[in-house]
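Take the sequences, apply the hints, and build the full model.
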Amino acid sequence: MKNKISALLLGTALALSAGNLAYAQDKTVKIGALSDQSGLYSDLGGPGSTLAAQMAVEDSGLTAKGWKIDIISGDHLNKPDVGVNIARQWFDVDKVDVIVDVPNSGVALAVSNVVKEKNGVLIDSGAGTSDLTNAQCTPNTIHWTYDTYTLAHGTGSALAKAGGDTWFFLTADYAFGAALERDTTAAVIAAGGKVLGGVKHPLSTSDFSSFLLQAQASKAKIVGLANAGADTTTSIKQAAEFGLTSGGQKLAALLLFITDVHSLGLNTAQGLNFTETFYWDLNDQDRAFAKRFQDRMKNHNMPTMVHAGVYSGLLHYFKALEALGGNPHDGAKVVAKMKEMPTDDPLFGKGSIQPNGRTIHPAYLFEVKKPSESKAPWDYYKLVATIPADEAFTPLDKSTCPLLKK
Amino acid sequence: MQALYAQLLVGLINGSFYALLSLGLAVIFGMLNIINFAHGALYMMGAFCAYFLLNLLNIGYWPALILAPVAVGIFGMILERTLLQWLAGLDHLYGLLLTFGMALIIQGVFQNYFGSSGLPYSIPDALKGGMNLGFMYLPIYRGWVVIFSLVVCIATWYLIERTRLGANLRAATENPTLVRAFGINVPRMITLTYGLGVGLAALAGVLSAPINQVRPLMGADLIIVVFAVVVIGGMGSIMGSIITGFALGVIEGLTKYFYPEASNTVVFVLMVLVLLVKPSGLTGRAN
Amino acid sequence: MTTALTDDTLAATPHAIRDEMIAFGIMTALLLIVPFTGVYPFFVMQALCFALLACAFNLLIGYGGLLSFGHAMFLGTAGYITAHALKVWGLSPELGILVGTAGAAALGVITGLVAIRRQGIYFAMITLALSQLLYFIYLQTPFTHGEDGIQGIPQGRLFGFLNLANPTVLYYVVLAGFLLGFLLIFRTINSPFGEVLKSIRENEQRAISLGYKTDQYKLLAYILSGTLAGLAGSLKVFVAQNASLTDVHWSMSGEIVLMTLVGGLGTIFGPVVGAFVITAMQQYLAGYGQWVTVIQGVIFVACVLAFRRGIIGEIAHLLRRSL
Chain U
1 MKNKISALLL GTALALSAGN LAYAQDKTVK IGALSDQSGL YSDLGGPGST
51 LAAQMAVEDS GLTAKGWKID IISGDHLNKP DVGVNIARQW FDVDKVDVIV
101 DVPNSGVALA VSNVVKEKNG VLIDSGAGTS DLTNAQCTPN TIHWTYDTYT
151 LAHGTGSALA KAGGDTWFFL TADYAFGAAL ERDTTAAVIA AGGKVLGGVK
201 HPLSTSDFSS FLLQAQASKA KIVGLANAGA DTTTSIKQAA EFGLTSGGQK
251 LAALLLFITD VHSLGLNTAQ GLNFTETFYW DLNDQDRAFA KRFQDRMKNH
301 NMPTMVHAGV YSGLLHYFKA LEALGGNPHD GAKVVAKMKE MPTDDPLFGK
351 GSIQPNGRTI HPAYLFEVKK PSESKAPWDY YKLVATIPAD EAFTPLDKST
401 CPLLKK
Chain W
1001 MQALYAQLLV GLINGSFYAL LSLGLAVIFG MLNIINFAHG ALYMMGAFCA
1051 YFLLNLLNIG YWPALILAPV AVGIFGMILE RTLLQWLAGL DHLYGLLLTF
1101 GMALIIQGVF QNYFGSSGLP YSIPDALKGG MNLGFMYLPI YRGWVVIFSL
1151 VVCIATWYLI ERTRLGANLR AATENPTLVR AFGINVPRMI TLTYGLGVGL
1201 AALAGVLSAP INQVRPLMGA DLIIVVFAVV VIGGMGSIMG SIITGFALGV
1251 IEGLTKYFYP EASNTVVFVL MVLVLLVKPS GLTGRAN
Chain G
2001 MTTALTDDTL AATPHAIRDE MIAFGIMTAL LLIVPFTGVY PFFVMQALCF
2051 ALLACAFNLL IGYGGLLSFG HAMFLGTAGY ITAHALKVWG LSPELGILVG
2101 TAGAAALGVI TGLVAIRRQG IYFAMITLAL SQLLYFIYLQ TPFTHGEDGI
2151 QGIPQGRLFG FLNLANPTVL YYVVLAGFLL GFLLIFRTIN SPFGEVLKSI
2201 RENEQRAISL GYKTDQYKLL AYILSGTLAG LAGSLKVFVA QNASLTDVHW
2251 SMSGEIVLMT LVGGLGTIFG PVVGAFVITA MQQYLAGYGQ WVTVIQGVIF
2301 VACVLAFRRG IIGEIAHLLR RSL
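Residue numbers (this note's numbering), protein chains in the order written: chain U, 1 to 406; chain W, 1001 to 1287; chain G, 2001 to 2323.
FYI, nobody ran anything at the bench for these hints, they're computed from the structure.
Some hints here could point you the wrong way.
[What the hints assert, rightly or not] Derived DMTMM-like pairs: lysine to aspartate or glutamate, alpha-carbon spacing no greater than 20 Å straight-line:
#1 Lys27(U) x Asp330(U)
#2 Lys369(U) x Asp281(U)
#3 Lys161(U) x Glu367(U)
#4 Lys95(U) x Asp330(U)
#5 Lys1278(W) x Glu2094(G)
#6 Lys2198(G) x Asp1091(W)
#7 Lys339(U) x Asp397(U)
#8 Lys319(U) x Asp59(U)
#9 Lys382(U) x Glu367(U)
#10 Lys375(U) x Asp281(U)
#11 Lys200(U) x Asp1091(W)
#12 Lys250(U) x Glu1261(W)
#13 Lys350(U) x Asp173(U)
#14 Lys1128(W) x Glu117(U)
#15 Lys116(U) x Glu367(U)
#16 Lys2087(G) x Glu117(U)
#17 Lys200(U) x Asp173(U)
#18 Lys375(U) x Asp284(U)
[Said to hold, decoys possible] Ranges of calculated distance between the beta carbons of each label pair, as one might list FRET restraints:
#19 Val1070(W) x Arg2320(G): 49 to 55 Å
#20 Asn2166(G) x Thr400(U): 29 to 35 Å
#21 Val93(U) x Pro2192(G): 43 to 49 Å
#22 Lys65(U) x Asn2166(G): 35 to 41 Å
#23 Lys350(U) x Tyr1113(W): 40 to 46 Å
#24 Leu324(U) x Leu1057(W): 58 to 64 Å
#25 Val2109(G) x Ile1184(W): 46 to 52 Å
#26 Gly265(U) x Leu1178(W): 55 to 61 Å
#27 Ile1184(W) x Gln2205(G): 31 to 37 Å
[To be verified] Non-contacting residues of chain W with respect to chain U, defined by C-beta distances greater than 10 Å in every case (computed):
#28 Gly1134
#29 Pro1260
#30 Thr1283
Computed from a prediction, not measured in an experiment: that's the story for all the values here.
Backbone N, C-alpha and C define an ideal beta-carbon position, used for all residues, glycine too.
The structure is reproduced here in structure tokens:
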């Protein structure tokens, strides 16, 4: 709970500006960047997301038009109850309007419930579970950037069709891991493959040796890593140690970010295939954003797709507020407006938001370059295929979102 | 069947970490009657020390095997001189609480500066690659870990149980007043002993750096398992901790094969059983 | 002769009961007016749950001489059972609390039979191991939903008419639960049972020689402590609306020890003060991430080295009263 000063200022501003109650329309916005600031996912979200939010505020031009926009950040420590407590306090005490980022699917699902209860807005860019726009969708949540369906159909289908038709899963034992395994299994089977088995590991495992042994014993052609962050990089590192690939099996990192590739190094990561929806080197606009981002980041990391999603999600949110003529402080109303308007931003291009809260835009299948192919720092990916927006996300008629049942 | 052998071997490898760590704990408890909750944090410091030696001073793995334990051992001795020695006459539980606090501080500080994701440390070139044993592919580094741990464990046991220095150490903790009357500097012995225990933890840290991510919380959950090992083996019995450490690794490996769901809990179940039947542990001296 | 943990915290004076009643009155009065001050009620409610938890823990260490490093298992078990009862079985809140607390009591009986047979360091180690055992079991059993925890628990109506979704109503309910538990502990300490317990803590051999079956007394104290810790866990479910692995992790047990240590081991009001101090610290320093852990560690070290009596203990010592 940072920035009690901002809370005081905001309160004073509110009191002075309108003179009536909180639900009146005004030109103030309070953004809460809720992320994992110090743990497993701090590099792919964390302080970078707060920076991306700041950049979105600056680029929207709203402060020049007289809007007052504040950003506070919080650390959910990868614990759903901590995330829920912070979210609840942000709405009750700090009068936050919109929460962004929230990586870790377990936390995201819990926070989504609170956001609905308090009629705020959640623009989730970090979590992966497709449940956010299916069984657990709400009128207050928009899911940006990616979900397990995207990853499953990008990587899963592509690899299965290319000959990797038997799979074994190493799954992180929480909402995201389970969702990723479930969606990838469906994609593999739909592409004609078979799943030979799998094993679950606790979040933040440091030793994967016994799980890797089981993967090797299964003789599956592809070992799918249904985990993220440090769990993925550790399992990749140790898989190399145990000679998984020299034994003829291939490793599929179902969720990989550029910061993971950076920490693994190209020697270990080369040849890995995976799906992302943003890469800093894809076009000029991405490069421009990335350069500005990298200059301001303390550790000079390049932006991940999560950071890009925070930026683009907030830009669209601001467009919706402008279209409404002010901030009504009514989450469902703003989200409805966001769903009405097509999205168009420098990073994700043209897309739209489906009625269940899912933002759709193209996705990309990448392969990590060999060290010899990389010409500059962070020059890590080569583009293998582009997946069009309507294939990259759950088709509306397959969505299990209760909001769609009319 | 092959899977069984493979899991047993992996279990033995894990067991060597348990043995090394519980050795340090047993030395400290046996000699000083302190339950060193900071042991996990010091193990982590050993790994980080190796990382710094490589990345800041370009000192590789082999010198780090000696330098890191010495450096962290000295840090441990400073801790003992400044903090632990004040607890000499008090209830043992204060020692537990103090080292618990120390662990929180060390881990918290590292977490603030290094986040929680891992830092990379690669396997030294001489130990890269692996051998195909038929039933599994054994990375050479992991084989090295088992052999090296065995050597260190036996050397430490020999030092404490069979040399004069070890005899002095043991006597100093059983009857400090009498030993002091013989002219032996008891406080210095105690500080050295703590340093030795800490150094062993740091050594385990250096050993684990190439295969586990070097991260601030790497010792936090491991420490509870190591407590269980020490309790089962006999709080204060050196040989007991070594044997139990390896044995427990193997038992865990067996459990992962036959009943994987219980692999996390088997250590604690065993500990409870042993404590009920023989509270001083399998080979411990009754205190 | 080693100094036991609570040797210098208890000074029995003739006016002890009167002093304690006055302090109790002040505490209750302050707590009753909270909703009318500007303080965020959820914060106080959380602090109250932890205060009850710390008091329960203190009963065991301060008056029974047993340091339990696994009290989180009672908090978590009751929390999970209550959460499951409310969400899946659809029980009403009062039944949910009852079932959760009963679960904690049962856990107390089972673990107590195992742990009580040893004392001192061994007791602490056993409780730590048992709690870690339970943590791993909960990690894997489906009903807890592992890392995600049980979320979105309905708050319902207590006794059919008290609407727990209303923060003020919920506050008074939690306060009532806390006061109930607190009074129970208070009554226990000042009863014949409590006197025997204290004598066991001072010199168990002597108590045995006087004919007391000390194991039974210790077991009873342990079960009572665990049950009240469970009550705190059940109440917390309504405040947080979730039950998760954090509540069963050994770091939670460490926090309970910290709260009691800071407030004053073996004092009656110490744990309450300690709980509020530590909860407040976590709230206001939440923006500083892991520095909270460092600060907690520093407090631990400082308390053990120089401040063994804790806040209330020091005050009681200065005033030469029993608090």
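Now the hints, each set against the structure:
1. Lys27(U) x Asp330(U): Answer holds: Lys27(U) to Asp330(U) is near 13 Å, not above 20 Å.
2. Lys369(U) x Asp281(U): 13 Å, holds
3. Lys161(U) x Glu367(U): With Cα atoms ~16 Å apart, Lys161(U) and Glu367(U) stay inside 20 Å; holds.
4. Lys95(U) x Asp330(U): 12 Å, holds
5. Lys1278(W) x Glu2094(G): Given pair Lys1278(W), Glu2094(G) is violated - Cα atoms ~43 Å apart, limit 20 Å.
6. Lys2198(G) x Asp1091(W): 17 Å, holds
7. Lys339(U) x Asp397(U): OK: Lys339(U) and Asp397(U) at ~17 Å, within 20 Å.
8. Lys319(U) x Asp59(U): 12 Å, holds
9. Lys382(U) x Glu367(U): 5 Å, holds
10. Lys375(U) x Asp281(U): Judged against 20 Å, a Cα distance of about 12 Å means the pair holds.
11. Lys200(U) x Asp1091(W): Distance ~43 Å between Lys200(U) and Asp1091(W) Cα, so the pair is violated.
12. Lys250(U) x Glu1261(W): Between Lys250(U) and Glu1261(W) the Cα gap is close to 27 Å, so the pair fails against 20 Å, i.e. violated.
13. Lys350(U) x Asp173(U): Cα-Cα ~35 Å, so violated.
14. Lys1128(W) x Glu117(U): 55 Å, violated
15. Lys116(U) x Glu367(U): 39 Å, violated
16. Lys2087(G) x Glu117(U): Holds. Lys2087(G) to Glu117(U) sits at ~17 Å (cutoff 20 Å).
17. Lys200(U) x Asp173(U): Cα-Cα ~6 Å, so holds.
18. Lys375(U) x Asp284(U): 17 Å, holds
19. Val1070(W) x Arg2320(G): 49 to 55 Å: 51 Å, holds
20. Asn2166(G) x Thr400(U): 29 to 35 Å: 33 Å, holds
21. Val93(U) x Pro2192(G): 43 to 49 Å: 48 Å, holds
22. Lys65(U) x Asn2166(G): 35 to 41 Å: Holds, since Lys65(U) and Asn2166(G) (Cβ atoms, about 40 Å apart) stay within the stated range.
23. Lys350(U) x Tyr1113(W): 40 to 46 Å: 42 Å, holds
24. Leu324(U) x Leu1057(W): 58 to 64 Å: Since the Cβ atoms of Leu324(U) and Leu1057(W) sit about 59 Å apart, the hinted range of 58 to 64 Å holds.
25. Val2109(G) x Ile1184(W): 46 to 52 Å: 50 Å, holds
26. Gly265(U) x Leu1178(W): 55 to 61 Å: Holds, since Gly265(U) and Leu1178(W) (Cβ atoms, about 58 Å apart) stay within the stated range.
27. Ile1184(W) x Gln2205(G): 31 to 37 Å: 34 Å, holds
28. Gly1134: The claim stands: Gly1134(W) keeps its Cβ more than 10 Å from every Cβ of chain U (closest is about 13 Å).
29. Pro1260: Not fine: 8 Å to the nearest Cβ puts Pro1260(W) too close to chain U.
30. Thr1283: 28 Å, holds
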